[in-house]
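Visitor: Each chain, letter by letter, is given below.
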Amino acid sequence: MADIYQEHILDHYSRPRNKGVIDSPDIYYKDSNPLCGDEIAMYAKLAKPGSDGGNSGNRSDSGGRSDDGGVMENRVIAKAGFIARGCAISQAAASMLTERVEGKSVEAVYAMSADDVLGMLMIPVSHARMKCAVLALKTLQAGIAVYFKTNKTRGA
Amino acid sequence: MDAGLKLLNAESLRADFPILRRKINGKPLIYLDNAATTQKPRQVIGAVRDYYENYNANVHRGIHRLSEEATDAYEAAHVKAAKFIGADFKEVIFTKNTTESINLLAYSLGLQLRKDDEILLSEMEHHSNLVPWQQIAKKVGAKVMYAKVSADGLIDMDDFSASISSRTRIISIAHVSNVLGTINPVREMAKIAHDNGSLFVVDAAQSVPHMPVDVRQIGCDFLAFSSHKMLGPTGIGVLYGRSELLDSMQPFIYGGDMIREVTFGDTRFNELPWKFEAGTPNISGAIGFGAAIDYLKNIGMESVFSHEQRLSRYASDRLLSEPEIKVYGPKERAGIVSFNMGSIHAHDVAAILDQEGIAIRGGHHCAMPLMSKLGISGSARASFYLYNTKDEVDSLVSSLGRVRKVFGGKG
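Those protein sequences? They're chains A and B, same order as listed. For the first sequence, my numbering assigns the number 13 to the initial residue and increments by one for each residue that follows. For the second sequence, my numbering assigns the number 114 to the initial residue and increments by one for each residue that follows.
Worth flagging that the hints you see were computed from the coordinates, not collected in a lab. Where is the CB? At the ideal position from N, CA and C, for every residue including glycine. One or more hints might be untrue.
For the chain A half of the interface with chain B, some residues (derived, Cβ under 10 Å), not all of them [to be verified]:
1) P28
2) Y41
3) P46
4) D50
5) C99
6) M142
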């Protein structure tokens, strides 16, 4: 079995990026992985519509309404953060994910898959550890789902 | 050491276990996850194979040679299991495992409870001795109480007694904690339970495989354990019950083999223990289980117990002499040692040990309430059996050095 505890994983584990609470986040979700006892909360702050929060990439400017109004098509994540307790794999994945999603639209993050996480981690993850690897992404996506729901006319 | 006690020779027993010849990542397998399940000696594997190759048939049915042989072997396994715990033949019901045994009780006894009746458990119970009672209690409006566990991993006996009221109907307690290795004073607890008019159930999943257990000596009403944790096959377990209690209880599963007479309107149930064994049972499992009991009896449970106690004492002493290792549970314990290395997650410890060919468990061990009580999300757990050696404990401890190295002294 190849080593999963490679330097970049241990680096993110011991010096996690973006670890900490984000005040009044646009996206928030807390979840746990009962198998491991891991707990995680993911936060994201979106860029103001029309502003250049992060590298705006393929963002469409046409759908923007006001912050409290609702629909923000292709709004972009300006900053993501997390607080968590768990194994090295789940912590490193959370740290790397918060870096990865900055500047991406919420839709793009919502569409990310487990394969994207594996590509990001660059280690062979066994079946038993997949839950650890994807916990951060699944939690962030659950938060995005809540965001979509409260801003109902998504994709309209 | 007792004069009459036969010392167990783990090195020579290992030859009976084909799997112990396996290499993991090029290293000899060191199997220290025996509280989860145990490895099987060739005597057990051979008994299962012999049944399938030579006398496979259904039991209690056919009037033909194979069925008679299968029935004899299946019933012989009942006799062995009953004798092993000092019970009568009709008091031993074969189930799937400890969990099913407790579910049988929860459904058969628990559904008879009334609103505000109480069930007393402890904070150290495995989910299988907690969830069935909790869910049945919800159904009937009964209350589940939990006797407190102290910081050193013992059930607080004052709190245990204080938690019993005139409404306490059932008390169900683990004989040995699957996390801490604590050996609970079940005999004393049974007496307290009976003095207060309550039934006393023992979850013996971690005790019967590892020490002499006699149901009359404990004085319990029910006791449950699994074959796979004592060298036998998976899918077969035992519920012991006092015969007068079992006689008056309603079956939990209905079907064939558990009936005496069926009309379109009603059914008369079969005699004990078959009343509780509906449908074609796990015949091969029972036969393998019988072979496992023979194997253990041959060694002697006193010898098994003292061997494991020596190993767990040695392991905890060695672990405690390492920096930043915390060992949970009392000093006097069965062959189970739970520990954490600083802030390193138990799954990371287990994953790195796996690279060294060492199998331990990391996680909450199906005892989440106990974990939260201890203020941890999980622990690493080494659990021993008769084929484990001191050398293997040494390998475990030296491999923890590798864990420390990977995490750069963190933890």
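Visitor: So, for every hint listed, does it hold in this structure?
Guide: Going through the hints against the structure:
Taken as an interface hint, P28/A does not check out: its beta carbon lies about 12 Å from the nearest beta carbon of chain B, beyond 10 Å. Checking Y41/A against chain B: minimum C-beta separation of about 19 Å lies over 10 Å; hint violated. Against a cut-off of 10 Å between C-beta atoms, the interface hint on P46/A holds, since the closest Cβ of chain B lies about 7 Å away. Hint status for D50/A relative to chain B: holds, with the closest Cβ pair at about 7 Å, below 10 Å.
Restraint check, C99/A versus chain B: the minimum CB separation of about 4 Å is within 10 Å; hint holds. With a cut of 10 Å, the hint placing M142/A at the interface with chain B is violated, because the nearest CB-to-CB distance is about 12 Å.
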